[in-house]
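A.B. asks: Turn these sequences into a full structure, and let the hints steer you where they fit.
Protein chains: 4
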Amino acid sequence: MAEPLVHTLRIRYAECDLQGVAFNAHYLNYFDTSMTELWRAAYGGYQNMLDRGVDMVLAEARLRFYRPARFDDELELAVLVTHLGRTSFRTRHRAGCAGELIAEAELRHVLVDRQTVAKTPLPDWLRDGIEPWTDTEAAQD
Amino acid sequence: MAEPLVHTLRIRYAECDLQGVAFNAHYLNYFDTSMTELWRAAYGGYQNMLDRGVDMVLAEARLRFYRPARFDDELELAVLVTHLGRTSFRTRHRAGCAGELIAEAELRHVLVDRQTVAKTPLPDWLRDGIEPWTDTEAAQD
Amino acid sequence: MAEPLVHTLRIRYAECDLQGVAFNAHYLNYFDTSMTELWRAAYGGYQNMLDRGVDMVLAEARLRFYRPARFDDELELAVLVTHLGRTSFRTRHRAGCAGELIAEAELRHVLVDRQTVAKTPLPDWLRDGIEPWTDTEAAQD
Amino acid sequence: MAEPLVHTLRIRYAECDLQGVAFNAHYLNYFDTSMTELWRAAYGGYQNMLDRGVDMVLAEARLRFYRPARFDDELELAVLVTHLGRTSFRTRHRAGCAGELIAEAELRHVLVDRQTVAKTPLPDWLRDGIEPWTDTEAAQD
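Protein chains in written order, with our numbering: chain A, 1 to 141; chain B, 1 to 141; chain C, 1 to 141; chain D, 1 to 141.
Hints were generated in silico from the structure; no laboratory data involved.
Do not rely on the hints blindly, as some may be mistaken.
So, partial list: chain B residues that the calculated Cβ filter (under 8 Å) puts toward chain A [what the hints assert, rightly or not]: (1) N24; (2) V54; (3) D55.
For every residue, glycine included, the Cβ atom is placed at its ideal position computed from N, Cα and C.
C.D. replies: Now the structure itself:
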C-alpha cells in the first residue's frame, strides 16, 4: 500500500484573514505545492514534465475544512494519487497541524498537450513515475 | 423563482499563471467576492452581519473548471442560495466570460458566533435578508 | 498639465490581514491594476502592447503607507506618468479612500523585447499613447 | 559586525505570472516572511510581541528588482536591521538565488500599541532582542 508524499510549509502572515486564520482560497495553493513536490519526487521537477511536452490543468476540486490553521502554524501536507484515468488523474490531499486534521481535498487534474492545451493520454513515464505514491484503493471512501 | 445575484470583476495580471490563465485558487477568492456582494444586497454589508454578532466560515467547497479565463477578462459572477439549514447554508456560484461558462462552485458556509466561533443557528433576519436570492429547488442537480 | 488616470476597486476579504487592514503587498498589485487601466486608455489594452513585441518589467518601487484601508473599502487609484526615459519610464500612484490619502508609490518600469526580455527603447507609439497622462513636472517633488 | 538572518523559501506556481517569473508584489510578502523569521529568532515568535502589547505596521518600502526568479526556484532571503529609531525601525532585505542577486528592499516599520494602533516607542526588550541582527552602519549605502 502506497504512502502519501508529505511536506511542510509555514502559514504566512499575508495568508491570514480578519478571522485570524488562513483564508480558504490559500488551501488550493497549498495543495498545489504538494503537486509540485510530487512532481519533484516522481520526475525530478515540474519542468521535466513540461520539457516532455505535457502540462496539467485542474478540472475539479472538492475541499472540506475541519479546523482553522493560524499564522506561523506549520502545516503538514500529504498527497496520494487515488486514480489514474486515460487523460486525467485524481489526488487526495490532507492538511494537518500538530496532529489535528485541518482540511482535506480531492483534486482531478487533466493532462494536456503543452502547445495545443488539448487533453492528451497519460504517457507511461508519467504513470510509472507516480506509482510509488499511487493507491487506487484509497479512492473509495 | 429566485434570480442569482450577479456582479463582475476583471482578472488581474497577478492572478494569471505560467499557463496564461487565472490560477485556480483565485476562484475561491472570486466566489468570496460574490458572498460580499450578496451580503451587501441582503444586509447592507458584511460588517452589518458582524455587528449583529455572527460570522461565517467555509466548511465545504466543490469546484469545476470548464474553460480558462485570461488576464483582463471580465468575469461575470453569479450566486444563488440553494439551501438554508439550521446552522449552515449552501450557495451555487457560476463564473462566466463573454457568454461561456468558465467555472462553477457549490459552497457550504457555517454560521458562527463572532466571539466564540461556535456554530450558531441562522437567525430569522439572516433567512429573511437573503430570501430574494434563495432558490432551494436549484440544489437538486 | 496632465490629469492622472483614475479607477476604483474594492478591497477584498482575502486581502485583509490579522490587523483588519489590506496587507501591504497587495498595494503593488493594486497599483499594477492602474498600469492595466493606463494601458487600456492609451493603447486599447495591455495585449496590444504585447502584440507590438514589447513588454514591461518592474525595476524599482517606492511605497509610502499613510493610513490603513479596510475590507470592502472602495479605493480610488490614480496614476500619472512622471518620466519617460530611453528604455524606462516612471509612474506616480496614489490610493485614496473617502477623501483620505491611504498610500503612494513611485514605480520605474523597464521596457523589454517580448522575446529576448532585453531592454529596448520606448517606441514612439508608446510615448504618444501615454502622452495625455504624462506630466514630467510632477516628478520633482 | 552583525550578520543578516537568512532563511529560504521556494517560489510557488501561483506566484509566477505570464512572464514566467515571480510577480513583483510577492516580494513584499517574501520579505515579510523574513520579518517573521527575525521575530522568531529574536523573541521566540511574532505572537510573543503581540502578547507584550505591541504590533508593527509597514510605513515605507523601497524595492529594486535586478533579475527575475522563477517557479520552483529556492530564494535565499536575508534581513538585517539597519536603524532603530524612537518609534520605528528599518530593515534591509536581499533575495538571492543560486548566487545571483534577485531583489533588494529597505523597509521602515512603525511600532504601534496593539489596542489603539497609535505609534509607541520601541521598548528595551525589543531593542535588545534584535541586537544580534542589527548593524546601523549598514544603513549608509
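A.B. asks: For the hint on D55(B), just tell me whether its beta-carbon gets within less than 8 Å of chain A.
C.D. replies: holds (7 Å)
A.B. asks: The hint names N24(B) as touching chain A; please verify it with the least Cβ-Cβ distance against 8 Å.
C.D. replies: N24(B) check passes; min Cβ-Cβ to chain A is 4 Å, inside 8 Å.
A.B. asks: Quick one, is the V54(B) hint okay against chain A at 8 Å, beta carbons?
C.D. replies: violated (12 Å)
Of the numbered hints stated above, the single one contradicted by the structure is hint 2.
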